[in-house]
Amino acid sequence: MSDAPSEAPADVPDDLRYASSHEWARLEDGVVTVGITDFAQQALGDVVFVELPELDAQLQSGVEAGVVESVKAASDIYAPVSGTVVAVNDALEDTPESVNEDPYGDGWFFKVEPDDPEELDELLDADGYTEMCESDDEDH
Amino acid sequence: MTTERTPLYDAHVAAGARLTDFAGYSMPLHYGSQLAEHRAVRTGAGMFDVSHMAVTDLEGAGARDFLALVMSNDPDKAAPGRAVYTMLLNEAGGVVDDVIVYGRENGYRVVSNAATRDKVQAWFGGHAGPFGVALRERRDLALIAVQGPQAIEVFTAVEGMDVAALASFACLERAGSMVARTGYTGEDGIEVILPGEQAAALWNRLRAAGVSPAGLAARDTLRVEAGLMLYGQDMDDATTPLESGLGWTVAWDPPARAFVGREALARQREAKPGRVLKGIALNVKGIMRPGCVVQTGAGDGVVTSGIFSPTLGFSVGFARIPRDSAGDCRVVVRGNPLPGRIVKLPFVRRGKQVFQ
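Quick mapping for you: the protein sequence lines, in order, are chains D and G.
Here our numbering is used: position 135 in the first sequence is 135, and no number is missing along the way.
Here our numbering is used: position 62 in the second sequence is 62, and no number is missing along the way.
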C-alpha cells in the first residue's frame with residue numbers, strides 16, 4: 001500500500017485462520033465461513049459491490065471465488081479451502097458497507113463445506129498473518 | 001524528495017486522515033469513508049484542503065495583455081471581483097493546464113494545479129518577457145473549499161461575511177483573504193484563499209459548525225459526477241480542449257486575439273476532432289476505471305475518468321471516443337464487455353441525476 005495509514009491498526013482475531021491473499025476462514029460445526037480481513041477492507045476503502053460464488057459451486061483452494069470491488073479497486077477473492085458452497089451472504093447485495101463495518105461478522109462472504117477440514121491447518125494463524133501484513137507494509 | 005505539508009497537516013492527522021502523496025504533498029485521501037464524505041458534500045457541507053494548488057499573482061500594466069496571450073478564455077471576463085475558468089494552451093493547442101483567473105483591483109490571481117506547478121511557472125516565465133507583468137508565486141497562502149447545499153449558510157454564520165450575495169464566479173477580498181463562489185463538486189459553495197497561518201483556525205471553526213472534512217478521493221467522485229475534467233487525466237499537453245469537452249472555455253471572439261494555440265485549435269475546429277470526451281454510464285454492476293476500452297458503433301475509445309457514483313449507485317465516467325458515437329456502448333471492465341450508454345454531461349447537478 002502506498003498510503004500511510006494513520007488510523008487504528010488492523011484487527012486480527014486469534015480464533016481465525018488466514019490466507020496470504022487476505023481472506024479469513026472460521027471453522028464451525030464442520031463448515032468454514034469466509035470473508036476478507038480488516039487489513040484488506042482498510043486497504044480497499046469503501047466496498048460498493050461484491051460478487052459471490054453460486055450456491056453448490058465447487059471451489060478449489062487458491063482459485064478465484066468472487067470479486068470485491070471498492071471505490072478504489074476491484075480485487076479477486078480466493079477460496080481459502082476446497083469444498084462446496086453451502087451459503088452465500090446475499091445481504092451484501094444491499095449492504096456492501098458491512099464488509100467495512102464488520103469484516104469478521106455481518107461482512108462474511110460465503111460458507112464452504114470443506115473437502116478436507118485439515119486443509120485449514122495450511123493457512124496462517126493470527127500471528128503469521130499479522131507478521132505478513134507488517135512486512136508488506138515495510139516493503140512499500 | 002521530501003513530502004511537503006500544508007498548514008492543515010496537523011488538523012488532518014487529528015481528524016484521522018489516511019494521507020497520500022499527491023504531487024509532492026502529503027494530502028488527505030479520506031478520513032475514514034470517502035462515501036460518507038461524498039454524501040456530506042451532496043446533502044450538507046464539506047470542506048477540502050486544496051492548499052497544494054499553486055497561486056500566482058500577476059501585477060503590472062501589461063498583466064491583462066499577457067493573459068490575453070496565454071489564456072484560451074476571454075481575459076476581460078476576469079474583471080475585478082470576477083473569476084473565469086480557462087485553459088492555458090501550447091502552440092499545438094494541447095492543454096498546458098486548466099486554471100481559474102481571478103480579477104483583482106490591482107491585477108489578477110491565477111490558481112493552477114499542484115502537479116503542474118513547475119511547468120506552469122516556466123511556461124508563464126517564457127511568455128511574460130515582452131509584457132510589463134510581475135509574476136509572484138504565493139506559497140504563503142492556503143486554500144480551503146467549502147462545498148455543499150449548506151456551505152453558504154454555514155460559512156456566513158461562522159465568518160459573518162455575506163457570501164450569499166456573491167454571484168457564481170464572483171469573488172471578494174477582505175483583510176488578506178479572498179472568497180470566491182467557485183468549486184469543483186457541482187454543488188453550491190465557496191473557495192477561500194487565505195494566509196497559511198490563519199488556515200487551521202478557519203478549518204476548526206468550520207468543523208465546530210458541522211462542516212465535514214473531505215479528502216481527495218471524495219473530491220474525485222464529486223467532480224466526475226459534476227462532469228468536471230481533471231488535468232493530467234482527462235486532458236493533457238497532447239490533447240486539445242475540443243477533444244476534452246472543454247470547447248466552451250475557448251473564446252474565439254474577438255477574432256484578432258492571437259492567444260497561444262489559437263491557430264492549431266482553429267484548424268482542428270475546422271476539420272473537426274476525430275475523438276471527443278463524452279459521458280458514459282454503466283447499465284450493470286462493475287466500475288469503469290481509467291484506461292478501460294469503450295466499444296461504440298463508430299469505433300473504440302478509452303475511459304479517462306471512471307468511478308462508482310455514490311449519488312447514483314452505479315459507475316459513470318468520461319471516455320475519449322469517436323465524435324459521432326452515440327447511444328449504447330460497451331465498456332471492457334476486467335476483460336468483460338459490460339453494457340453502458342453514452343450520455344450528456346453532467347451526471348449530477350445539485351444532488352440530482354440530470355441525464356436520461
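For the record, the hints were derived by calculation from the structure and aren't laboratory data.
Do not take every clue at face value.
[Unchecked claim] Listed next, the stretches of chain G that the computed footprint assigns to chain D, with coverage defined by at least 3 CB atoms under 8 Å from CB atoms of chain D:
#1 31-41
#2 274-288
[Said to hold, decoys possible] Selected chain D positions facing chain G (in silico; Cβ < 8 Å):
#3 G45
#4 D46
#5 F49
#6 P53
#7 L55
#8 E69
#9 V71
Every value quoted in this text rests on a predicted model; they were computed, and no experiment measured them.
All residues carry an ideal CB built from backbone N, CA and C; glycine is no exception.
Here is what the structure says about each hint:
Counting residues of the segment 31-41 of chain G whose CB lies closer than 8 Å to any CB of chain D gives 4, which reaches the minimum of 3, so the coverage claim holds. Using a Cβ-Cβ cut-off of 8 Å, 3 residues of the segment 274-288 of chain G lie near chain D, which meets the minimum of three, so the contact claim holds. Taken as an interface hint, G45 of chain D checks out: its beta carbon lies about 6 Å from the nearest beta carbon of chain G, inside 8 Å. The interface hint given for D46 of chain D holds, since its Cβ lies 4 Å from the closest Cβ of chain G, which is under the 8 Å cut-off.
Hint on F49 of chain D holds. Least Cβ distance to chain G is approximately 5 Å, under the 8 Å limit. At about 15 Å, the closest approach between the beta carbon of P53 of chain D and any beta carbon in chain G exceeds 8 Å, and the interface hint on this residue is violated. At a threshold of 8 Å, the smallest CB-CB gap from L55 of chain D to chain G is about 19 Å, leaving the interface hint violated. Interface restraint check for E69 of chain D: the shortest CB-CB distance to chain G comes to about 6 Å, inside 8 Å, so the restraint holds.
Annotation: interface hint on V71 of chain D holds; nearest CB of chain G at approximately 6 Å, less than 8 Å.
Checked against the numbered hints listed earlier, the structure breaks hints 6, 7; every other hint is satisfied.
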